[in-house]
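Given the sequences, and given the hints that come with them, work out the whole structure.
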Amino acid sequence: MGWTIRWVQTFIRLVQNAFSESDYITAYNFCHRLPA
Numbered sequence: 000m001g002w003t004i005r006w007v008q009t010f011i012r013l014v015q016n017a018f019s020e021s022d023y024i025t026a027y028n029f030c031h032r033l034p035a
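Quick note: the sequence shown uses numbering that gives the first Met the number 0, first residue 0, plus one each step.
No wet-lab data here; the hints were simulated from the structure. If a hint is listed, it holds; no wrong ones were tucked in.
Pair ranges (Cβ atoms, derived):
(1) Gly1 - Pro34: 48 to 58 angstroms
(2) Thr3 - Tyr23: 24 to 34 angstroms
(3) Arg5 - Pro34: 46 to 56 angstroms
(4) Leu33 - Gly1: 41 to 51 angstroms
(5) Gly1 - Arg32: 39 to 49 angstroms
(6) Gly1 - His31: 43 to 53 angstroms
(7) Leu13 - Leu33: 30 to 40 angstroms
(8) Asp22 - Trp2: 24 to 34 angstroms
(9) Tyr27 - Trp6: 25 to 35 angstroms
Since we're looking at a predicted model, the values are computed, not measured. We treat Cβ as the ideally placed atom computed from N, Cα and C, and that holds for glycine.
Written as structure tokens, this is what we have:
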């Protein structure tokens, strides 16, 4: 059972990293799309 919890925690961490990275790229593109 312990390995299952560890796998789930690792999976959640990977998902959070992917979302935070894509959100950063989206915000970066959005800011550069605004008129200076």
